[in-house]
Amino acid sequence: MNKYSIINTRLPRVDARAKATGAARYTDDLSMTGMLYGALLQSPVAHARIKNIDTSRAKKLPGVKDVATAQEAGAVRFGVSPARYDETIFCIDKVRYIGDEIAAVAAESLESALEAASMIDVEYEELPAVLDPFEAIREGAQVIHSDYPNNIGAEVHQEFGNVEEAFKTCDYIRTDKFVNKKQDGAFLEPQACLAVYDPDEGLTLHSSTQAPHYVQRTLAMVLGLPIGKVRVVKPYVGGGFGPKASASTLELTACLMAMRTGRPVKMTFTREQVFWHSRARHQFFHELTTGVKKDGTLVALKNTCYLDGGAYSSFGIATVYYAGSLLGAPYKLPNMKYDGYRVYTNKPANGAQRGHGGVAARAAWEQQLDVIAQELGMDPIEFRLRNIMQRGDVTCNDFNMSSLGMKECLEAVRDGSQWEKKKGKLPRGKGIGVACGFFVSGAGFPIYRSETFHSTAMVKLSEDGGTVNLYTPAAEIGQGSDTILTQIAAEALGVRYGDVKIASGDTDFGVDLGAYSSRQTLMSGHAVKQAAEEAKRQVLEVLSEQLGIQADEMDIRDGLVLFKGDGVDFSALRSNYIKEHRGWTDPPTGDRLTFVEAARMAYLARGTIVGRGAYKPGELGGKYKGAAVGTSPAYGCSAQVVEVTVDMETGQVTVDRMTDAHDCGFAINRTNVEGQMQGSLSMGLGEALFEEIKFDGKGRVANPTLGEYRIPTCLDMPNVETIIIESDEPNGPFGAKEVGEGAIMPTIPAILNAVYDATGVRISELPVTSERVFNALKAKKQQ
Amino acid sequence: MKRLITLVVNKKACEIAVEPNRTVAQVLREDLGLLGTKIGCGMGDCGACTVLLDGRPVNSCLVLAVQVNGREIETIEGVSNGKDLHPVQKAFVEHGAIQCGFCTPGMVLSAKTLLEKNSSPSEPEIRKALSGNLCRCTGYQKIVEAVRQAAEMMKK
Ligand code: FES
Ligand code: FES
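Quick mapping for you: the protein sequence lines, in order, are chains C and P. Sequential numbering of the first sequence, starting at 1, is according to my numbering. Sequential numbering of the second sequence, starting at 784, is according to my numbering.
Okay, chain P solo, but in the shape it has when bound (with noise of 0.2 Å):
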């Protein structure tokens, strides 16, 4: 049976039904049109659908709908403020880190989360936080060039 659930997406407050057994991730794509959270597993295992639940991210895959009930979430499309990309977004574009693109959302997610807790990571810090984000293309180098990019961007 569905189940009503408010939820704050993208600061946008909305209330949806649900079914039980229906992720985040699904919920997010096919109930909401954000299509920005890529499924490359629906297991837990590749990143590709990371969304910020309450400023952490988590696989979206993972979390049941009913379970984010009253609470809040950002999607890629939410990392942006229209025109302008988020310093993330234009390290990332600028540094190549981007090639067939879909990682990249759930990448700079994770990245952005991790330059808000930290403003200087470390070239490990940064490795470690992107570790859960798999990415078959860039061999992560430029990537990580990418987030210490952004780390400059944001502290000017």
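Only chain C is shown next, with the shape it has when bound in the complex (with noise of 0.2 Å):
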């Protein structure tokens, strides 16, 4: 007998049918009598000051029932981090970036409210815009934001070892530039939230977001409510990414409209406004000096990384962090340095995307590691696994590798791409690359300063016996949180995966840092499993006082009790059961005792049976500065190989094949972790080859559009060959830990080490545009 029934299979989702009938509602799909619909005023310019607002005719328009500025709204800042509040609902002073917002209209019709919004008179007085982050930090540039007179918003600087001392026993030490692009998350759900308002029920706010928990305490804060007046409640969400992790002045003001109002307000971004909002991947500036032995063994690295942050914050301050916290491992690298600096521009707000911080540090690094193991004469693979971390390794950051199937990964897509056939024997014109990548299991720490748990759950029982009712305030976002927590309520508390009934992603049901950091798997995974754990050891208490077994003889498996001696006579039970529910159409029968029944008799017993669950990670991490911004209970790990076709001509790029390994620990879900990984892959094939957000010279988004900002059709993805890795992390439900931003991490660079390989070229700016390898290719020649 296997030892799991619900777990580790290929459950198709539960909210599947849903979504394959065109059934599931999104926040967009919902309406409320009396409903307003509102609109924002952006700003047209990238910096300048307010000098004058005036909304007098927009507010005589017919069918305008609020029009609100600054003045309104206040001057409480938000942001993501308490440390770095630099957002106000609307714009006080000044304006920072296209898209910038200074006020809002709610309507009865979007027509109106859209109209009013554009009859809302701003007097500008220009500044010069601050576009490039290099300008930016120069002596005398214009200033940003005052709290920040040198425009950088954030620096860090770390050194574990002695980077210098090191560097001085090295054989070959090697510097490369490498820098990405600003990428879109380009979910295919804009952004979009009702806000309903009741003087004695409080605030709620449906909303499409990743982090209910986060929004809630955001509106507190800033309307100035009680928490427990608030409440944000996630329907169905079109993906996230990261950009929709936090709190937005699209929910704020929804939210102070529906107040001053007392009228539902709906809100909804067009796709344009997706784009102004951004708050998605930032563009990096790496220069990185990696230091080796002859032997192939790491010695030392240094990292410099400005990234270009933006108008606001964001998440940039863990984001400057991850830039350098997320490089040395998988590798044991005893010597790492990092200086990085996020600077503000007047460009959107950069935040958090898919592999938060460390994809461009990642694809920069894995690329130098390349040309270091050709240097060397050794084989890509072969240098990798010499330096590879393994299960119960720490890294010079005190990042603690509880499990880790690196190794693992890495040998499988070698065999299974065929690597030792192809690798140095392919024609001119076809490439293969490797790289490898890790990620955190879910962050360590809350985005606020707290003694909180993470997340937490709750089981509840149904009177009736028949039904258990899981209460999560866990986001499912798409990534399939509401399938893996289900499938975890079940196993644990022994029923089919019918029998439960999921709600989620609503802060009444308690508190849950939400979809981010990846670590849902983990984190609501724990609470969920505890709840159940509970509940079930409520039911075999009563079972075992009404039949006078001891409750370590029995356990419930797949909806029947089982007991571990022979002949237990639970006729009585039954027949009770039976009394309790005559008339009804479902009497239990056969020779076992069904969890129903004895759920019922527990209910008999003692009332309503509810489990409850609790988790937040144990002690994490070193003591230094910033020592958080990377600490994790557990860490996921990819490998990749990617096969390309360059056209010599033309230097345009195909990818053939993709070979991946991922160690997600346990596979709550086979079939999700492929999905994660998939599109993990696709992202990173997106960015690699053709994502790039575009400006003009005033600092506009030249291509926000979906047409314009192109990412992968399902032509420009080829088929995957998706290797699951298990390493049973023991700090993980089941053993389980994330999937799904590690597997973005080791895509972009295996693109650009097969690019090479096919070319002889390393190209070190993203995208990877036929342009750019084809110039690289005509310098090449040249030389």
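Hints are supplied without guarantee of correctness; some may be wrong.
Simulated restraints on C-beta separations [unchecked claim]:
| id | chain 1 | residue 1 | chain 2 | residue 2 | range |
| --- | --- | --- | --- | --- | --- |
| 1 | P | 902 | C | 730 | 48 to 56 Å |
| 2 | C | 57 | P | 854 | 56 to 64 Å |
| 3 | P | 902 | C | 649 | 34 to 42 Å |
Here are the computed lysine-lysine pairs in the DSBU-like style, where the Cα-Cα straight-line distance is at most 30 Å [as the list claims (entries may be wrong)]:
| id | chain 1 | residue 1 | chain 2 | residue 2 |
| --- | --- | --- | --- | --- |
| 4 | C | 3 | C | 423 |
| 5 | C | 694 | P | 911 |
| 6 | C | 430 | P | 911 |
Read the hints as simulated data drawn from the structure, not as lab findings. All residues carry an ideal CB built from backbone N, CA and C; glycine is no exception.
Each chain sits in its own coordinate frame; assemble them with the hints.
Dropping the structure here:
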């Protein structure tokens, strides 16, 4: 018999049917009687002082119910990290990027709201726009936030070991620069929200968010409401990938206007507004110096990075740490130094996106490691294996790899791709490349300083015994957490998959920090498992009392009670159940006692059976400044081999094949794990080959459509061979850890390394367009 | 000024008064309550709003309601007959082709049209048929596999 019935399977998602039939409701699908529509007025200039705002014309338009500016919204600052609150609902004295929110209107129809917003007259005194981060840090540059006169919003300086001394012992040292481009989340569902205010009940916000809990706290703080009077509910969400992980002006504005008018207010971004709001991948300028010994031993890494942050901090203070701390591992590297600077510019704010902070760094370094391997005359896989970390290893910055199937991943992609037959043996124009990466399974600390649990959960058995209600505030955003948590609850309780009914994404259910940093399988999973086990314990206790058998002599599995001993007589219990259920259509039969009967008896004996769960990580990480960022109870890891064809005439790159192995600890749902791997690779491929937010000379996003900002279509994606590695994470529920972000880490560098193998040229600026490859080939020919 | 149009939606005749600037996507969602049609861009770029117009997939955000006067539309709500899922939907459910689900209604309709015309499409044919429908979550592989599986189911 299998150890498990429900987990480690390929059960279909709990929400698949609703989504396949169009029945699933997303935020913009909601409406209410009396609902108003909101529209924003956003800045048409990148940097200016606001001299005057005149709303009188807008207010007179028929159908307009509210016009709000900073005067109405107040000056309470918010943001992501309390140490860097630099946003207000509306701009107060200055606009800082094209798209910055100045005012909003609520009206009977969206058309009137939009028209009224366009009738708000704003007088600007334009300031020089600072669009380039290196211009921004120059002496005398225009200041964007007065609190940061040098335009550096956050900087990080860390050293582990002694890099300069270590370099002296190296046989080979090289320095490379690397730059990516600002990327967009490009989730298919634009942000939307619907705010409802009732003076007695308080405020309810339905929102397309990844983090209901953080939104709840921000709303309460900014709008001056007690937290208990603010409820955030998340309907189905059409993807997030990071940019939806914090509270936004859209949400705050809808709430503000709902409170002011007493009517529900709905607001939805257009696709263009999604691009303006952004909070997606930063642009990173890395300079890396790596030193090794002749035998391929990695010795030291020096990493300097400038991040183009855009106009506000968003997640940036974490991003600037991650751009340093997510290097080193998964290799044994004793010396590492990092200097990071996140710079304000007059462009849309950058934030967190899949692989937060680490993706560009990883691309830069894994390409450099490839060069080094070649210089040393070593096979790139052999070189990586020589330095690979294993279970139990701790990085120089104190990340504990409590499980790590990195070596297994690398060997799996080597064998799965037939690396040895191909590396160095492919014709010109064909290439193969490899890379590795790792990521956290949940941030070790909440974004605000607190002793809070990171996840709570509640399991309630229905009084008839037939249904298990799982209440979790965790956020299903498409990644599949509702399915994973349902499976965990069913397995831990011993019932069938279909017996569990999940309700999620509602702050009324408790605290869960949300869907970011790949945390929910591990953290919410722990809470759910604990809640289910507690409910099970109570049922077994009642059975024990009634049958006179020790609780540990029994178990529950697949909806049936298992007795370790033979000949247990439960007939009295069964007749009692049947007597209770006279006239019902489904009396229990068969020679096994069912969970339904047991749960009903437990209810009769004790009242409603409720199990509770709560999780927070134990003590993590070092004591140095910034040690919190990057710590996690567990780390997932990935290795990839990519094969490409490069057209040597045009420079056009086609990805032919990808082999990906990911260590997720233990796969709760194998189909979902593969889906996360494939989705990550697709996002990485897009970023590697063509995704790039472009700006005109005035700081306006030049390609704010899904036509001009190209993401991969199904013609761009090859089939991926997905290999699941399971390393049994001691800190994970059932041994599980992340898959949502680690899998994107190796994609870009594996492509870059394959492009080199095909062409002999190294590309150090993304995206790898045909033009860039063409020029590099031409330059090489001329040498 | 509003114009009265008649059309057949999911096999049911209906008559609605529409403003000339309203799109089919808006009318389906706001006037007819058919919320399964999704709007991802409103500009013809993403395919989330795909519906079948006289049996052919179109981006309903680009078609004006007045243009469909007298014509027939099928939305995602018309694909399954009540309780039973269409083989394409079934395959999507079973094969992990759905993550956030925002692209799913459009994908299902594009895939269904393909399979009605071509009962054993090759992988390139499947990919070509779905190339107007963006998906940010899945990397497309399980969607393509699901379409192949649906083709098998439909042959039986
Ligand atoms: S919403 Fe119609 S194509 Fe995107
Ligand atoms: S499943 Fe999310 S866009 Fe396709």
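Hint check results:
1. P:902 / C:730: 48 to 56 Å: holds, 51 Å
2. C:57 / P:854: 56 to 64 Å: violated, 42 Å
3. P:902 / C:649: 34 to 42 Å: holds, 39 Å
4. C:3 / C:423: violated, 40 Å
5. C:694 / P:911: holds, 28 Å
6. C:430 / P:911: With a Cα-Cα distance of about 24 Å, the restraint between residue 430 (chain C) and residue 911 (chain P) holds, given a limit of 30 Å.
When each numbered hint is compared with the structure, violations occur for hints 2 and 4.
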